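Line by line, the protein sequences are chains R and B.
If you're matching positions, the first sequence starts at 8 in my numbering and goes up one per residue.
If you're matching positions, the second sequence starts at 29 in my numbering and goes up one per residue.
Hint data in this document are derived by calculation from the structure and do not stem from the laboratory.
Treat the hints with caution; some may be incorrect.
[What the hints assert, rightly or not] Lysine-lysine pairs mimicking BS3-like chemistry, simulated, CA-CA at most 27 Å apart:
(1) B:K159 x B:K140
(2) B:K195 x B:K140
(3) B:K159 x R:K451
(4) R:K479 x R:K492
(5) B:K329 x B:K312
(6) R:K362 x R:K492
(7) B:K159 x R:K436
(8) B:K312 x B:K330
(9) B:K330 x R:K436
Note that the structure is a prediction, hence the values are computed from the model and not measured.
Take a look at the letters that make up each chain.
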Amino acid sequence: MRKRWIGYAVWLGLAACLYFFENNTGTRTVLLCSLLFPLLPHPRKAFFTADERKKPEEAPAPLTVRSFAAREADDPGDVRPYQPGDPIRRIHWKLSAKKDELLVRETIKEPESVQEERCVSQPVSAQKKKARFPWLLICVTAFCLALLLLLPEARRGAQALCNRVFAASEQVNAYAYDYFPVPENQSVLLAAILAGCSAAALLALLLRGRLSALAVMAGCTFFQVYFGLSFPAWANVILYGLLGLRMMKRPIKRRNLLSCIAILLAVFLAGTLLLPDVDAATEAVSETVRDELSRVAQQITGGMSELPEGDTETRHIHPLSLQTGDSEAQNDREYRLVTVEEEQISMPRFINWLKMILLFLLLVALIVLPFTPFLLLNARKKKAEEARRAFASRDVSEAVRAIFSYVLLWLRETGRDAGNLLYRDWADKLPEDLPEGYRARFAKCAEDYEEAFYSHHALPEEKRQRALELLKETEAALWSAADWKQHLRIRYWMCLCE
Amino acid sequence: MRPQLECVVREVEKAIVGKRPVIERILTVMLAEGHVLLDDVPGVGKTTLAVAISRAIGLAFQRVQFTPDVLPSDLVGFSMYEKASGEWLYRPGALNSANLILGDEINRASSKTQSALLEAMEERQITVDGKTYPLQTPFLVIATENSVGTAGTQLLPYAQLDRFLVKLSLGYPDYEAQMTMLRGRQTADPLETVARVTGRDELLAMQREVRAVTVRDAVLDYITRLTFASREHPAVEVGVSPRGALFLCRTAKAKAYLEGRDYVTGGDVQDVLTDVCRHRLLLKENVRETTVAQVLDELLKKVENPDRRGLFTGMKKP
Chain R
8 MRKRWIGYAV WLGLAACLYF FENNTGTRTV LLCSLLFPLL PHPRKAFFTA DERKKPEEAP
68 APLTVRSFAA READDPGDVR PYQPGDPIRR IHWKLSAKKD ELLVRETIKE PESVQEERCV
128 SQPVSAQKKK ARFPWLLICV TAFCLALLLL LPEARRGAQA LCNRVFAASE QVNAYAYDYF
188 PVPENQSVLL AAILAGCSAA ALLALLLRGR LSALAVMAGC TFFQVYFGLS FPAWANVILY
248 GLLGLRMMKR PIKRRNLLSC IAILLAVFLA GTLLLPDVDA ATEAVSETVR DELSRVAQQI
308 TGGMSELPEG DTETRHIHPL SLQTGDSEAQ NDREYRLVTV EEEQISMPRF INWLKMILLF
368 LLLVALIVLP FTPFLLLNAR KKKAEEARRA FASRDVSEAV RAIFSYVLLW LRETGRDAGN
428 LLYRDWADKL PEDLPEGYRA RFAKCAEDYE EAFYSHHALP EEKRQRALEL LKETEAALWS
488 AADWKQHLRI RYWMCLCE
Chain B
29 MRPQLECVVR EVEKAIVGKR PVIERILTVM LAEGHVLLDD VPGVGKTTLA VAISRAIGLA
89 FQRVQFTPDV LPSDLVGFSM YEKASGEWLY RPGALNSANL ILGDEINRAS SKTQSALLEA
149 MEERQITVDG KTYPLQTPFL VIATENSVGT AGTQLLPYAQ LDRFLVKLSL GYPDYEAQMT
209 MLRGRQTADP LETVARVTGR DELLAMQREV RAVTVRDAVL DYITRLTFAS REHPAVEVGV
269 SPRGALFLCR TAKAKAYLEG RDYVTGGDVQ DVLTDVCRHR LLLKENVRET TVAQVLDELL
329 KKVENPDRRG LFTGMKKP
């Protein structure tokens with residue numbers, strides 16, 4: 008519950024941020040919608056009522072006669088005076104005795120015991136599978152972004168894309184950008200595909216949870232604020248409305264979705280049609296807030312005069328900004344970036360810090376990632392060597408355990424795991440493709456293993472030999488039966504072979 | 029299986045055909061120094077079984093048919109004033125001289141009598157008029173309970189059920205077994221042919237050996253996880269008590285001994301789990317379609333067995 012409030016507050020903050028940076032009808036409506044959101048019927052229910060999920064966990068008290076009667080007395084429900092013709096069964100005797108007049112129950116309450124039946128156990132494995140999926144998506148996103156940065160062709164494409172965004176931004180704002188030095192006819196296809204892929208992965212992520220929805224919201228707000236290039240109002244309304252819906256825990260039903268969209272659109276239309284002249288008033292407020300923000304930002308990044316290398320392309324200098332004291336320019340509302348100080352308003356410098364940190368993290372990840380498999384492999388190899396050393400241990404029982412565990416690892420890694428069964432019962436579950444008499448030998452060794460594992464006996468040397476033979480047989484049989492993927496797995500990942 | 033016990037089982041099988049698993053389980057309980065509760069319909073051979081076992085081992089046998097007017101003094105004895113000598117003389121009851129007691133229809137006895145029996149079972153001694161008399165060793169009670177016709181009976185409370193090591197049920201014999209039984213009873217009583225193959229002292233010695241059976245921590249860990257899981261199971265109101273865990277361990281030891289091993293494996297625990305825990309689980313009232321057997325099955329499936337745990341969580345000695 009508290010988390011949802013925080014989530015909502017962040018969302019509201021983002022909307023307000025967007026509004027103050029880019030004041031137009033769209034952002035205004037978004038803010039309005041965000042404010043109104045908790046008042047809408049469906050979101051309110053889903054968003055702000057207490058978590059229903061927690062309730063059933065408290066074990067419902069068994070409904071006995073006494074507790075039922077006690078509840079009746081506490082909460083008599085709807086009662087009314089007796090009228091001739093009411094069935095006698097409905098008379099609330101206890102209350103009638105108290106009040107000294109005949110009272111009749113309006114509705115007969117059903118005992119709730121029928122609804123308390125719940126399934127005893129739920130499959131857990133399905134959840135596990137689900138949990139892996141977001142990681143895949145994150146990997147895809149990271150991979151696409153990495154390619155976007157590393158491939159020269161893609162990078163040039165991305166720069167060209169950026170140039171287009173700059174151009175679009177310049178058309179609606181007073182910004183001036185340093186364009187990337189990219190040829191005019193540079194193809195943006197590859198960059199667009201990569202960016203599209205990462206965006207798609209991000210969107211898929213978005214479909215999975217509230218936090219990611221919030222993240223995407225933040226991303227959209229950042230984009231709009233940074234480039235001063237806000238989407239059309241209707242797009243913003245739909246985007247933020249959908250993201251807001253996504254942030255609700257409850258499964259979204261179509262009816263809810265449609266009604267929410269309808270209400271949001273109604274609010275939007277009302278905002279644009281009924282209040283057309285709020286621009287001027289709110290713009291002034293917006294301006295002051297921008298000034299405040301920029302001052303704060305400058306205090307934070309005051310010491311940083313030089314922009315970091317590689318980031319110069321997004322610095323924007325408007326020609327008018329150099330002519331300080333030009334009264335015309337100062338009065339002109341179109342050109343807000345007049346003084347040098349105000350140059351930083353629309354693009355606070357801490358954003359550059361943020362970019363640097365992100366870039367650094369990405370670089371670290373890119374440097375470390377290729378080596379991790381080898382590091383892991385090395386650790387595995389060392390572990391396997393240690394385990395093999397135990398085969399020749401002086402303590403036969405330890406050796407038998409180590410050898411038998413290797414046999415089981417072989418079986419497990421080639422998909423012959425019999426699950427949570429005792430090893431003496433594994434023999435019956437082994438598949439048919441193993442050689443003749445293997446099961447009997449396996450059962451024999453399983454007995455040896457049990458003795459080694461559960462007793463303090465000193466085992467005879469022949470049991471070690473027997474286990475070793477079983478291991479050899481297992482290796483031979485399973486290696487010949489495995490396909491190339493399993494070979495790879497056995498040899499390099501599990502280090503089962505020497 | 030140990031040859032000595034194998035002989036006993038074979039002798040008992042002469043009298044009661046086709047019930048080898050039950051006989052083995054009762055022997056396990058004897059070795060574990062526990063008591064048995066047999067829950068079954070009348071006429072499936074509960075008394076025959078008890079008599080045959082007492083004959084094969086050479087134990088003193090006593091049978092008590094419980095009715096509502098059986099009194100505690102019938103079981104534990106009472107003191108009587110002897111006019112000639114002017115002294116109070118102790119007259120022993122049914123429990124005093126027997127190694128093996130068959131308490132028929134224990135749920136028909138008054139709760140007073142039930143508790144007298146249960147106390148004797150637990151303490152292995154009886155106290156009458158301030159004097160304490162030790163009971164015979166070994167001391168085993170086989171109590172029976174009819175699962176039909178329970179009208180007008182005193183059901184054993186849950187707390188007292190907990191004192192029985194296992195709850196078993198004989199069940200009807202299959203076709204072959206019943207035919208053999210009918211044929212065998214034509215001329216002679218097969219109970220007469222049951223010979224004594226071992227003695228009381230041997231049984232006591234075996235019980236001592238059972239106590240010395242090795243139980244590794246892996247097994248204790250398994251028992252603990254099983255009982256904890258039983259308490260946390262969503263369908264269970266009251267799970268297996270610590271005493272239940274103790275009994276589980278003891279029975280597993282006896283089982284291992286019966287199999288001829290001197291160490292307990294995870295399999296032993298699994299084998300005895302159902303018998304030991306069947307009457308120790310109390311299911312929630314609103315769970316209708318789950319039975320205790322299902323819950324125990326689920327536990328066995330869900331709780332990682334010690335074989336697997338010992339192996340995949342590291343190859344070091346546990």
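ask   = What hint numbers does the structure not satisfy?
value = Result: hints 3, 6, 7 break, sorted rising.
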